[in-house]
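S.K.: Residue 58 in UniProt numbering sits at position 58 of the sequence shown, and the numbers go up by one each step.
One or more of the hints may lead you astray.
[What the hints assert, rightly or not] In silico DSSO-like links for lysine-lysine, alpha-carbon gap of 27 Å or less:
| hint | residue 1 | residue 2 |
| --- | --- | --- |
| 1 | Lys-54 | Lys-122 |
| 2 | Lys-196 | Lys-179 |
| 3 | Lys-184 | Lys-122 |
| 4 | Lys-184 | Lys-54 |
| 5 | Lys-89 | Lys-125 |
| 6 | Lys-54 | Lys-174 |
| 7 | Lys-178 | Lys-114 |
| 8 | Lys-196 | Lys-19 |
| 9 | Lys-178 | Lys-148 |
| 10 | Lys-65 | Lys-125 |
| 11 | Lys-122 | Lys-148 |
| 12 | Lys-114 | Lys-196 |
| 13 | Lys-86 | Lys-179 |
| 14 | Lys-54 | Lys-86 |
| 15 | Lys-179 | Lys-89 |
| 16 | Lys-125 | Lys-86 |
| 17 | Lys-54 | Lys-10 |
| 18 | Lys-4 | Lys-114 |
| 19 | Lys-85 | Lys-54 |
| 20 | Lys-54 | Lys-65 |
| 21 | Lys-54 | Lys-148 |
| 22 | Lys-148 | Lys-174 |
| 23 | Lys-184 | Lys-174 |
| 24 | Lys-65 | Lys-148 |
| 25 | Lys-196 | Lys-85 |
| 26 | Lys-20 | Lys-122 |
| 27 | Lys-148 | Lys-196 |
| 28 | Lys-65 | Lys-179 |
| 29 | Lys-196 | Lys-125 |
| 30 | Lys-174 | Lys-196 |
| 31 | Lys-20 | Lys-85 |
| 32 | Lys-4 | Lys-85 |
| 33 | Lys-85 | Lys-19 |
| 34 | Lys-148 | Lys-85 |
| 35 | Lys-179 | Lys-114 |
| 36 | Lys-125 | Lys-85 |
| 37 | Lys-125 | Lys-148 |
| 38 | Lys-19 | Lys-86 |
Simulated from the structure, these hints should not be mistaken for laboratory data.
Only a predicted model underlies this, so the values are computations on that prediction, with no experimental measurement involved.
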Amino acid sequence: MENKTDILAKFFYEIGNLKKVLRAHQQTLLTVDPTDNIASHSFRTAFIGYFLAKELTADADKVLKMCLLHDIEEVRSGDMNWVNKKYAKVYGDEIRDDQLEGLPHSQEFLQLSKEYTERQSKEAKIAKDADLLEQVFLLKEYAQQGNKEAEHWLHEDGADECQQIKLMNFDFTKEIAKKAMEMKPSDWWENIWTPKNR
């Protein structure tokens with residue numbers, strides 16, 4: 001029988017492979033970007049989820065954990081874009097249960113995984129909004145680099161809201177998404193750079 005350290009070490013190796021799982025939308029965005037993987041997506045999604053939860057007076061710890069969990073099954077199933085999902089069924093809940101079940105202290109994560117999938121709680125809805133908002137930021141980054149497909153996704157024939165925004169649950173999330181679409185991805189460093197060495 002495996003002990004705790006064996007089980008945890010294997011799990012940590014498994015989730016480490018999320019950085020090797022490229023996001024499937026690259027196919028429909030006609031791009032190849034090795035930095036656009038499930039690990040990088042989950043990392044930014046977790047930060048987004050935390051701050052959304054704080055702003056929307058929800059349990060930020062719970063949202064943060066849901067965001068970290070929300071795509072871990074893709075290390076076993078791969079990512080599916082919106083075309084793939086029309087034809088293929090992924091048993092994400094079953095995979096996450098298998099991944100988490102033998103882990104020490106896993107009950108909390110199993111419950112959070114179920115809650116996220118059901119999307120009934122405020123925290124689950126915020127975590128999903130974070131997932132969608134991260135996609136908006138990524139699309140804007142690609143569009144800024146000249147990716148016409150990303151630009152099309154963002155503006156869908158001149159529409160004011162892209163599909164990701166339409167799917168969001170909270171007005172605050174939608175406001176951030178719209179602000180992100182107005183900005184340049186490089187605006188974050190505009191007033192902090194200097195030509196002087198320290």
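S.K.: So, for every hint listed, does it hold in this structure?
M.R.: Status of each hint after checking the structure:
| no. | hint | verdict |
| --- | --- | --- |
| 1 | Lys-54 / Lys-122 | holds (12 Å) |
| 2 | Lys-196 / Lys-179 | violated (31 Å) |
| 3 | Lys-184 / Lys-122 | violated (30 Å) |
| 4 | Lys-184 / Lys-54 | holds (25 Å) |
| 5 | Lys-89 / Lys-125 | holds (22 Å) |
| 6 | Lys-54 / Lys-174 | holds (16 Å) |
| 7 | Lys-178 / Lys-114 | violated (30 Å) |
| 8 | Lys-196 / Lys-19 | violated (35 Å) |
| 9 | Lys-178 / Lys-148 | holds (19 Å) |
| 10 | Lys-65 / Lys-125 | holds (13 Å) |
| 11 | Lys-122 / Lys-148 | violated (35 Å) |
| 12 | Lys-114 / Lys-196 | violated (52 Å) |
| 13 | Lys-86 / Lys-179 | violated (31 Å) |
| 14 | Lys-54 / Lys-86 | violated (35 Å) |
| 15 | Lys-179 / Lys-89 | violated (34 Å) |
| 16 | Lys-125 / Lys-86 | holds (23 Å) |
| 17 | Lys-54 / Lys-10 | violated (33 Å) |
| 18 | Lys-4 / Lys-114 | holds (24 Å) |
| 19 | Lys-85 / Lys-54 | violated (32 Å) |
| 20 | Lys-54 / Lys-65 | holds (14 Å) |
| 21 | Lys-54 / Lys-148 | violated (35 Å) |
| 22 | Lys-148 / Lys-174 | holds (23 Å) |
| 23 | Lys-184 / Lys-174 | holds (17 Å) |
| 24 | Lys-65 / Lys-148 | violated (34 Å) |
| 25 | Lys-196 / Lys-85 | violated (51 Å) |
| 26 | Lys-20 / Lys-122 | violated (31 Å) |
| 27 | Lys-148 / Lys-196 | violated (37 Å) |
| 28 | Lys-65 / Lys-179 | holds (26 Å) |
| 29 | Lys-196 / Lys-125 | violated (45 Å) |
| 30 | Lys-174 / Lys-196 | violated (38 Å) |
| 31 | Lys-20 / Lys-85 | holds (21 Å) |
| 32 | Lys-4 / Lys-85 | violated (36 Å) |
| 33 | Lys-85 / Lys-19 | holds (21 Å) |
| 34 | Lys-148 / Lys-85 | holds (23 Å) |
| 35 | Lys-179 / Lys-114 | violated (32 Å) |
| 36 | Lys-125 / Lys-85 | holds (21 Å) |
| 37 | Lys-125 / Lys-148 | violated (30 Å) |
| 38 | Lys-19 / Lys-86 | holds (25 Å) |
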